[in-house]
Structure formats: structure tokens, C-alpha cells
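S.K.: Use the sequences and the hints to build the structure in full.
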Amino acid sequence: MVQSKKQRNLFLAFCLVPTFLMFSVFTLYPLFNGLYYSFFEWSGASSLAEFVGFDNYKRLLNDEIIPLTILHDYFLVVTKVIGIMILATFFAVALTQMKIKEAPFYRIVFFFPNIMSVVVIGILWMFIYNPSLGLVNSGLEFIGLESWTRPWLGSEDWALPSLVLPSVWAGIGLFMLMLMGGISNISKSYYEAAEIDGATEWQQFWKVTLPLIWPQIKISILYIIITTLNGSFIIVQVMTKGGPNNSTHVMGSYLYEQAFVKYNFGYGATIGVMILILSLITVLIMQFFMRREKVEY
Amino acid sequence: MTIWRKQSAWFMLVAFLVLVLAACAPGAGSEDTSSESEGSDSEGSSESGGDGEISGELEIQYFVGGYGDSWWKEVIGDFKEKYPDVTITEHAGPNINEEMRSRWVSDDPPDVVYIDGAGSSETQMVEDGQLMNLTEWMNGIELEDGTPLNESFIVDPAKYDGDVYSLPLVFDTWGTWYDSAWFDEKGWDVPKDFPGFMDTMGQIKQEEDIAPFVTTGQYPYYFLRGMLYPAFGAAGGDELLNKVIKGEEGAWTSEPVLNVMKKVEQMQKEGYIDPGFGALNHTQSQMNFLMHDNAFIPVGFWLPNEMEKDTPEDFQYGFIPSPMQDEGEPYAIVPDLRPLAIAEKAENPEAAKAFVEFVFTKEYAKLFSEHTGAIMNLQGVDLASSEEVPQFLIEANKMINDPDQVQIYQKPHPMSSNLETPISNSLVSLMLGNITAEEFVEEAEKAASEYRSNLE
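Note that the protein sequences, when read in sequence, are chains A and B.
My numbering numbers the first residue of the first sequence as 7 and each following residue consecutively.
My numbering numbers the first residue of the second sequence as 23 and each following residue consecutively.
Just so you know, the hints here were simulated from the structure itself, not pulled from any lab data.
Check the hints yourself; a few may be wrong.
As a list, the in silico DSSO-like pairs of lysine-lysine whose alpha-carbon atoms are at most 30 Å apart [unchecked claim]:
{"no.": "1", "chain 1": "A", "residue 1": "Lys247", "chain 2": "B", "residue 2": "Lys284"}
{"no.": "2", "chain 1": "A", "residue 1": "Lys247", "chain 2": "B", "residue 2": "Lys268"}
{"no.": "3", "chain 1": "B", "residue 1": "Lys285", "chain 2": "A", "residue 2": "Lys247"}
{"no.": "4", "chain 1": "B", "residue 1": "Lys265", "chain 2": "B", "residue 2": "Lys291"}
{"no.": "5", "chain 1": "B", "residue 1": "Lys291", "chain 2": "A", "residue 2": "Lys247"}
Only some residues are given here: those of chain B computed to face chain A with a beta carbon under 7 Å [said to hold, decoys possible]:
{"no.": "6", "residue": "Asp150"}
{"no.": "7", "residue": "Gly300"}
{"no.": "8", "residue": "Asn440"}
Here a beta-carbon is modelled for each residue, glycine too, at the ideal position from N, C-alpha and C.
M.R.: What follows is the structure, encoded as C-alpha cells:
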């Protein structure tokens, strides 16, 4: 059937216009509104808002807590990328290549945290870290490492590292599935050929599997970076509220504190703009570094 | 590969557009808001006085927390009987402050607001001009027995540059709780001053092998308001308390403040503060207290009501003002008031005033103690005659009214969260033993100076 040009355009409009309208109302409008309010001093709880130009941005540059929050965010990004990617790749390879009989069972077990709300995960891990009743400290005492027990989330040095474990645990499943999808697309004949050539399993992993699932790995890493920069807020807010003494504040939780606890909504919006810019820069840089020609054998 | 390039080019374009538009936006918008704010200043304040009929719709916003809402229901029911022409709309609940925020932002607030709970801040509301100036109106009100209202408060209303914007309804106070049944059984002394406090804690630590003191590290202001304010009051009176809360220059580094902080440092060094407190929220810390993981906790009067369902049967709430004062001095308390206020832009200010006046009676004050286990901010209410008022409250009430035992110190207004948050953060650090008292006062002084510079 031949479509007239008009029909085609009508169809395209039918598909695109509603989406674009939704996008404008629910994404563009809040985005610009946030930018707009970053130039105001506003408590966020009244109609009084005073235009202050770049004062909020000056304040941002002089705020001693901001560099800490950025550092904490990137600490989480780096540890999560490393932790999740290593474990997810390991599990994906193990479940697809090793011919384990219970593979479907493990797949469900590893994916399970992904269907739980992050809030639930946070509360669950708060109990695990509880200094007197928690699994971690009781476990350490049980194996005789009493000197290692500590109030994990209540310590200025250990609270942030303690947040990494639940974040990694919660993230593995999804990326494991993505990588498994990639691995199962690799034709068996490559492995057979490699085996005939005398390649060990280790060599097969490095020379065959890894290059061929590189696109999936790349997307996974980018996805972890973006979700961490935008979403680490939830786990921090649930588990530590940024404390003790700002030692776990990430940019998002600090934004929340400024905007909704200390009634500096304008300044909070400024922090939001900073998060947007930093996320964009990070993603662009990562794109650049992970450029690698697509491999086809 | 090329697809990614193309996408990132789009990305850059969008990002660029965003920035360009952002630069244009405020010029257009600033005019709107400035004219809005001018409007809000001129309205409302001229509508006072007048003896018109009380009728129409009256909107009341009240937070429902540890005190429950049964008292409100009864009072509002009585008000409806007295003023049948008024239809009352209640906005109530534990999240009501968040739920009503958009109404306040759009200048369409309820008429009467009870300011309490998370997400509400009296200082913010006064700073933003959301509350009606009640100074003159309040001076004209009398109780049933003819005494003027402004002479009947236990604690006077907060004053902002001499003006009153809210009437303190609930008299609550922070203090230190213990299980009096447990203390009787073990023969521990209830502390009367700071040395006594340290002795008792030392004894408990030795006998029970627990850290005797706990508080919530997620909300460090529990310790600030519950332990430090009374300590500052005892050490330097209203004057010191005033300076500290306003963040005046040199207040936090002053000698009496440093001495108080040294006491906290001492508590930490002796291992009396639970080292796990940093991660606990208020409910967890209160649960640990009820389970005898700890022996002392600073909370307000609402504790028994809040933990009613989790309290073990043989547990008996005992309350003392936080014993941070030097040897031989009376206890100090700093009341924490939950005020009732009228919105500057109330649509029915006459009915709102009638309601506020209606609430401040001795009858409702007694009823309040029966319903909530706290005290309403009126003098001369006979609590002991009622059987429904909890025992600890009758004793606390007696103690509070005896100046030989307890000195009441008043803070000028609640501390702004812009000052309270950084100070609370350093406080956690001190209580974990990561900084010294000297370092703490330096950090607090710095926070105060930043707070002052942001006010200008």
C-alpha cells in the first residue's frame, strides 16, 4: 500500500505530539522552573520570593559542604561501578557458561533485590547494620572478630562505605540480566573454535566474551553512573539522612536538606542545577573514554 | 559508534539550549514576584477589630503527632455548638504541614494554624510574613475569671522585634527520662545535678554493662534542645540562651558554653553515651531505652504517649529536667512551645480570632492534659484533681511550679534551622568523640557567623 505524504505526517504527529506535550509538561517545565528559582531567595513555603541574581551560585562556590557531597557522590559512583560490574559479569558468565543446574534459581535470587523498593532495601540494611542486634556485628562476634564490630552507620568514617554494600547488592541483578542477554547472543561456534585453538576458559573470557558484550557493559556503566548521581539520594535519606556530621551527604540529600529542612528552596534549586551539569559532564566524559570500536568476528 | 556521536551532539545541543534559556528566564519573572510580594504586605493587617457576626467557613490546620487529635475533636465540636453559623473545615494529620504547603505558597492559607511537627517552622512563617500580628488583639482578651490572657500564660509568646505573631498553646518541655521502677529495684539514685548524673551513669555502666545514655543521632536537635538548652540556661540564664539561639558573635565560644560542652565531652570519654547513637532515629533510640539497652534519654513530654504501644508492662516513666547544672543548683528547664496562630491572609479572620479566644480557657487546659499527657500553656490549672492525668505529669507540674527545685528559662524563639543544622552536625561529631569541646565551639561559632551573614 502506498502512503501519501500527508498520511505519513499525520501518523508521525499522532505518535510524537502527545509524547512531546507530556515531556514538556513533566520534564521541561520542572527543569526550567528549577533553573528559574535558582536565581531567587525563596523559602519554598510562601509566596515571597526575592530575585537575587547569582547570589545562590556564589554561595554554592563558598559552601564547604558542597565539595564533600560531590566527593561522596563520586565515591559511590566509582565503588558501585566497580562492585556491580565485577560481580554482575562474574555471575552472568557463571550462570551462562558454567552449565550450573540451578541457574534459573540463582537468576531469580540475584534479581530479587531489583523488584524491591530502595526504601525497603534501606530499612532492611539498617537492621543488618544495627550495632547491637544487627547481622553484621553479631556475625563478626560469632567468628571471634569482636574488635571489628562498630556502629557502622553511626560512625563518621564507616557510614559512607557501609552504604556501598546495599547499593551494590541492589544493583547486581538488573545488570547481570543485561550481560546474560549479551552473552547468550554470542554464537557457540566462537567458543568451540577457541577451544580447538587451545584457549583456556580465562582466555576465552578475555578474548571472546568481553569484547563481544562490550556494548552491554558500556550501557550498564553509563546507567549506573546516571542512576547513582540522581538516585543515591534515596538510600542516603533512608539510612543516614546525610549524617553523622555530613559524612554521608550526597548532592541530592544536601539539596533536600537545604530546600525542605532549612527552607532555602532557591539554594536547593541551585544545587539541582549543579547536579544536572555535573551529570552531563560525567556522561560526556565517560562516552569519550569508553569509545571502542564495535567488535565483530 | 556513529549513533552515539549523533546522540551526544543532540545532548550537547539540548544542554546548551537549557543554559541559554535559563539565562533569559529570571528577568521576565522577577517582576511578577516582586509585585506579588508588595500586594501581600498591604492586605490583611487592616481588618482587625469589628464586632460583626461570626459566621462563614473557618479552616483550621493542625498537626497530629504524639498528642493525638482527640482534644481537637472535642474543642472543635464545642465551638460548633457555640457558633452554629460557622462551618469548620479541618486539615489535620501527621503530614498536614507538607500537604498544606501549596496552599501557603499560593497565598490561600487556612485561617487558623497550629504550628507543630515536621515540615513546620514558626520562624520561617514569621520571616515570610505569613502570620497575623496579634500584639494588640491579644492585649484585649480576658479569661472567664477576668484575668487578662497575656498575664495567664506560663510562658509568654515568642516576640519578633517586640511583636507577637503566635500564641503558645502547648507547654511542652524536654527533660531526661528514666524507668523509675527499674531505678527503685536497683537502688540507683535519680540524679539531682551533673555530678550526680555522672555518678549514677557510672554505677549503671558498671553494674549493667550498658552505655547509660542514648539519644537520636539522625535528629541531633533532640540532644541540643533536651540537654544543652537547659544547661545553657542554668549556666548563663535567659541572656546566654538568647545569645546562643540568635547566634550572636562570641556566644558559642564563651566560657559558660565551653564548660557545658566539656561536660558533654566528659560523658563521651567515660563511655556513657551509646556509641551507636549516630545512626539511630528517634523511634529506635526510644525503643532501645524501653528495652533497657540504655537508662537515660532526653525527650519531651510526648514520650509516653508516642511509645504507648511498645512500653513493657512493668516500665514506669520517670521524668526529671535534664541534670546538666552544677552541683547544688536547681534544675533548669527550657519550655518548648507549640503555638496557635492566625494567617495574615486568613479569609475569615473574625471567626479565626473567635476560635483562638475560645480555646484558651482553663477548662480546655485541663482537658488537654487528660487527652495528651502534656500541659497547656495556662497558669493555675488544677491537674492533681483529675484522675485521667498521668502521674509523671502531675509530679512534673508540681516540680515546675516550685522555683526552689526548678528554674524556668525562656528562649526568645526557636533556633532557625539554618543555624541548628550545622551546629547539630558538629554536635554529633563531638558526641562520637571525633572532635574536642574546643573544636566544637569553634565550629559552632563559625556556623553562627555564616548564619548571621546570610541574614543580612
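S.K.: Now look at each hint and say whether the structure bears it out.
M.R.: To see whether the hints hold, each was checked on the structure:
1. A/Lys247 / B/Lys284: 27 Å, holds
2. A/Lys247 / B/Lys268: Measuring from Cα to Cα gives roughly 25 Å; hence the hint holds.
3. B/Lys285 / A/Lys247: It holds: about 27 Å lies between the C-alpha atoms, which stays within 30 Å.
4. B/Lys265 / B/Lys291: It holds: about 28 Å lies between the C-alpha atoms, which stays within 30 Å.
5. B/Lys291 / A/Lys247: Holds. B/Lys291 to A/Lys247 sits at ~26 Å (cutoff 30 Å).
6. Asp150: 4 Å, holds
7. Gly300: Interface hint status for B/Gly300: holds (3 Å vs cutoff 7 Å).
8. Asn440: 5 Å, holds
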